[in-house]
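> Sequence:
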Amino acid sequence: MIFISTSKKQNNTDSTQIDERYQTIVHPLPPYYQPDSRILILGSFPSIKTREFGFPYGHPQNRFWPILATLFSEETPLTLEERKDFLKRHQVAAWDTIYQCDIIGSSDSSIRNVVPTDLQSVVEQSQISRIFTNGGASDKYFKIYQEPILGIKATRLPSSSPANARYSLEDLVEAWQVILE
Numbered sequence: 004m005i006f007i008s009t010s011k012k013q014n015n016t017d018s019t020q021i022d023e024r025y026q027t028i029v030h031p032l033p034p035y036y037q038p039d040s041r042i043l044i045l046g047s048f049p050s051i052k053t054r055e056f057g058f059p060y061g062h063p064q065n066r067f068w069p070i071l072a073t074l075f076s077e078e079t080p081l082t083l084e085e086r087k088d089f090l091k092r093h094q095v096a097a098w099d100t101i102y103q104c105d106i107i108g109s110s111d112s113s114i115r116n117v118v119p120t121d122l123q124s125v126v127e128q129s130q131i132s133r134i135f136t137n138g139g140a141s142d143k144y145f146k147i148y149q150e151p152i153l154g155i156k157a158t159r160l161p162s163s164s165p166a167n168a169r170y171s172l173e174d175l176v177e178a179w180q181v182i183l184e
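Its first residue numbered 4, the sequence shown is counted upward by one per residue in the numbering used here.
Be a bit skeptical, because a hint or two may be false.
[To be verified] Straight-line distance between alpha carbons at most 30 Å, and here's what the computed DSS-like set of lysine-lysine pairs gives:
| # | residue 1 | residue 2 |
| --- | --- | --- |
| 1 | K146 | K156 |
| 2 | K52 | K143 |
| 3 | K91 | K156 |
| 4 | K91 | K143 |
| 5 | K146 | K87 |
| 6 | K52 | K91 |
| 7 | K87 | K143 |
Because the hints were derived from the structure by calculation, they are not lab data.
Model the full structure from these sequences, guided by the hints.
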């Protein structure tokens with residue numbers, strides 16, 4: 004279930020205006036993990052395309068799946084079942100740092116009024132010993148909300164988002180090799 008509401012924004016004259024660009028959205032996806040998951044990769048908040056797909060990193064241009072496929076020397080999983088099987092076989096869990104926020108579209112830079120996800124239950128119900136944040140927003144909110152509770156430091160990875168044009172796929176694969184160590 005996705006809860007969406009319009010946020011209000013104050014202007015300089017103290018009259019209330021509706022800023023219809025912002026929506027309050029509750030994370031609609033459960034975390035994906037198995038009892039034997041050892042690695043947790045965290046995004047910030049699911050994009051519109053990911054919410055439509057119904058599984059982490061569902062945006063067709065997100066490079067998450069090609070990166071992992073290259074690292075594990077496999078074909079890129081395309082279907083939902085292939086992606087679930089891929090993560091399960093490689094003991095990788097995937098979710099996000101934010102449970103609810105106000106956001107414009109899929110823009111991480113617009114995120115405000117954050118409610119964090121409960122990662123403690125995911126870590127306790129699995130064998131996760133290493134956490135990686137996928138991009139700056141994920142890393143920022145993990146450090147603020149989850150690191151103090153979990154007592155586990157995360158390794159920041161460059162974002163696999165198509166918005167991160169600074170990195171080629173090859174550059175991302177090289178930077179993400181740390182998950183194999």
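> Among all the numbered hints in the text so far, which are the ones the structure does not match?
Result: no hint breaks.
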